[in-house]
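The primary structure of each chain is shown beneath.
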Amino acid sequence: KQEVTQIPAALSVPEGENLVLNCSFTDSAIYNLQWFRQDPGKGLTSLLLIQSSQREQTSGRLNASLDKSSGRSTLYIAASQPGDSATYLCAVRSSMWGGGADGLTFGKGTHLIIQP
Amino acid sequence: EPEVTQTPSHQVTQMGQEVILRCVPISNHLYFYWYRQILGQKVEFLVSFYNNEISEKSEIFDDQFSVERPDGSNFTLKIRSTKLEDSAMYFCASYLPGSLLNYNSPLHFGNGTRLTVT
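Read top to bottom, the protein sequences are chains A and B.
Our numbering puts the last residue of the first sequence at 116; the count rises by one with no breaks.
Our numbering puts the last residue of the second sequence at 118; the count rises by one with no breaks.
Just so you know, these hints were derived from the structure itself, not from any lab.
Just so it is clear, the structure is predicted and the values come from calculations on it, not from any experiment.
Cβ coordinates follow ideal geometry from the N, Cα and C atoms, glycine included.
Fair warning: there could be bad hints in the mix.
Pairs of lysine to aspartate or glutamate residues, derived as EDC-like cross-links and limited to a Cα-Cα distance of at most 20 Å, are as follows [unchecked claim]:
#	chain 1	residue 1	chain 2	residue 2
1	A	K108	B	D63
2	A	K68	A	D27
3	B	K42	A	D27
4	B	K42	B	D86
5	A	K68	A	E3
6	B	K83	B	D63
7	B	K42	B	E53
8	A	K1	B	E18
9	B	K42	A	E3
10	A	K42	B	E44
11	A	K108	A	E17
12	B	K57	A	E3
13	B	K83	B	E53
14	A	K108	B	D86
15	A	K42	B	E18
16	B	K57	B	E85
17	B	K57	B	D86
18	B	K83	B	E18
19	B	K42	A	D39
20	B	K42	B	E1
21	A	K108	B	E44
22	B	K57	B	E44
23	A	K108	A	E15
24	A	K1	A	D27
25	B	K78	B	E53
26	A	K42	B	E3
27	B	K78	B	D63
28	A	K1	B	E44
29	A	K68	A	D84
30	A	K1	A	D84
31	A	K1	B	D63
32	A	K42	B	D63
Coverage of chain B stretches by chain A, computed from C-beta distances (three or more under 8 Å per stretch; other residues unrestricted) [stated by the list, open to error]:
#	segment
33	72-79
34	107-114
Label-pair ranges, simulated between beta-carbon atoms [to be verified]:
#	chain 1	residue 1	chain 2	residue 2	range
35	A	S69	B	S105	42 to 48 Å
36	A	I7	B	E68	38 to 44 Å
37	A	G41	B	E85	36 to 42 Å
38	B	I38	A	P14	14 to 20 Å
39	A	G16	B	M15	47 to 53 Å
40	A	G41	B	G16	23 to 29 Å
Go ahead and model the full structure; you've got the sequences and the hints to work with.
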């Protein structure tokens with residue numbers, strides 16, 4: 001059974017810092033990995049999707065990397081801003097259709113606070 | 001950009017009552033899902049739906065739960081007799097693989113319905 005772990009559980013940094021969020025998964029047989037942002041009491045906003053054959057994806061100040069063989073992904077946020085404050089979730093797809101016990105498995109998230 | 005919409009955003013109900021959570025997936029998507037997130041916990045898979053039938057369901061999805069696609073646009077989750085432990089945020093998601101050979105497109109999630117059972 002796929003397990004996804006995110007470290008740290010919470011992070012508070014001053015504005016302007018670059019930071020790295022970590023995600024690890026136990027079964028390297030994945031199709032893709034998706035990073036989401038969740039604001040308090042809100043839905044899931046997809047940030048980046050990395051296919052299993054890719055090493056990284058970039059969107060603006062965000063860069064996600066994937067090391068499938070070691071079961072790790074990182075989300076790098078450059079020049080952090082107070083508006084980046086949210087919970088960041090990592091989710092791994094282990095089956096083609098994204099459902100089921102081996103479908104889309106989420107980590108518990110990293111709660112990020114950017115201090116002005 | 002097309003999005004998944006869910007209504008209501010917040011539902012309060014008494015224990016034992018039936019609730020229906022509604023979702024409008026992205027119009028050309030083929031696969032539909034319900035996930036839930038109990039406060040402070042991980043997002044958990046409930047059920048997936050394809051071609052007008054359930055394709056997979058988790059052990060959480062017992063006989064109290066049902067899903068339906070009553071028309072070409074809506075996708076609903078019904079909880080027949082709610083329990084206190086059903087209180088959670090429920091997310092609907094939809095997905096369209098580019099083709100059967102290209103499954104690497106993201107699941108699109110709605111903003112969720114917060115269900116509070118009192």
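Outcome of the hint check:
1. A/K108 with B/D63: violated, 27 Å
2. A/K68 with A/D27: Satisfied, since the Cα-Cα distance of roughly 9 Å is no more than 20 Å.
3. B/K42 with A/D27: holds, 18 Å
4. B/K42 with B/D86: holds, 14 Å
5. A/K68 with A/E3: Measuring from Cα to Cα gives roughly 14 Å; hence the hint holds.
6. B/K83 with B/D63: Holds. B/K83 to B/D63 sits at ~13 Å (cutoff 20 Å).
7. B/K42 with B/E53: It is violated: about 26 Å lies between the C-alpha atoms, which goes past 20 Å.
8. A/K1 with B/E18: violated, 33 Å
9. B/K42 with A/E3: holds, 11 Å
10. A/K42 with B/E44: holds, 16 Å
11. A/K108 with A/E17: violated, 23 Å
12. B/K57 with A/E3: It holds: about 18 Å lies between the C-alpha atoms, which stays within 20 Å.
13. B/K83 with B/E53: Not OK: B/K83 and B/E53 at ~25 Å, beyond 20 Å, violated.
14. A/K108 with B/D86: Given pair A/K108, B/D86 holds - Cα atoms ~19 Å apart, limit 20 Å.
15. A/K42 with B/E18: violated, 24 Å
16. B/K57 with B/E85: Holds - the C-alpha atoms of B/E85 and B/K57 are around 18 Å apart, at most 20 Å.
17. B/K57 with B/D86: holds, 16 Å
18. B/K83 with B/E18: Since the Cα atoms of B/K83 and B/E18 sit roughly 10 Å apart, the hinted pair holds (cutoff 20 Å).
19. B/K42 with A/D39: Given that 20 Å is the threshold and the Cα spacing comes to 15 Å, the pair holds.
20. B/K42 with B/E1: violated, 27 Å
21. A/K108 with B/E44: Judged against 20 Å, a Cα distance of about 10 Å means the pair holds.
22. B/K57 with B/E44: holds, 11 Å
23. A/K108 with A/E15: This hinted pair is violated, its Cα atoms lying about 24 Å apart.
24. A/K1 with A/D27: holds, 8 Å
25. B/K78 with B/E53: Satisfied, since the Cα-Cα distance of roughly 15 Å is no more than 20 Å.
26. A/K42 with B/E3: With Cα atoms ~14 Å apart, A/K42 and B/E3 stay inside 20 Å; holds.
27. B/K78 with B/D63: holds, 10 Å
28. A/K1 with B/E44: Since the Cα atoms of A/K1 and B/E44 sit roughly 14 Å apart, the hinted pair holds (cutoff 20 Å).
29. A/K68 with A/D84: violated, 27 Å
30. A/K1 with A/D84: violated, 32 Å
31. A/K1 with B/D63: Violated, because 24 Å separates the two Cα atoms, which is more than 20 Å.
32. A/K42 with B/D63: violated, 28 Å
33. 72-79: violated (count 0)
34. 107-114: Since three or more residues must qualify, the claim that chain A covers the segment 107-114 of chain B holds, with 7 doing so at under 8 Å.
35. A/S69 with B/S105: 42 to 48 Å: Violated: the Cβ-Cβ distance is about 24 Å, outside 42 to 48 Å.
36. A/I7 with B/E68: 38 to 44 Å: holds, 40 Å
37. A/G41 with B/E85: 36 to 42 Å: violated, 19 Å
38. B/I38 with A/P14: 14 to 20 Å: With Cβ atoms ~32 Å apart, the hint is violated.
39. A/G16 with B/M15: 47 to 53 Å: holds, 49 Å
40. A/G41 with B/G16: 23 to 29 Å: Since the Cβ atoms of A/G41 and B/G16 sit about 26 Å apart, the hinted range of 23 to 29 Å holds.
Checked against the numbered hints listed earlier, the structure breaks hints 1, 7, 8, 11, 13, 15, 20, 23, 29, 30, 31, 32, 33, 35, 37, 38; every other hint is satisfied.
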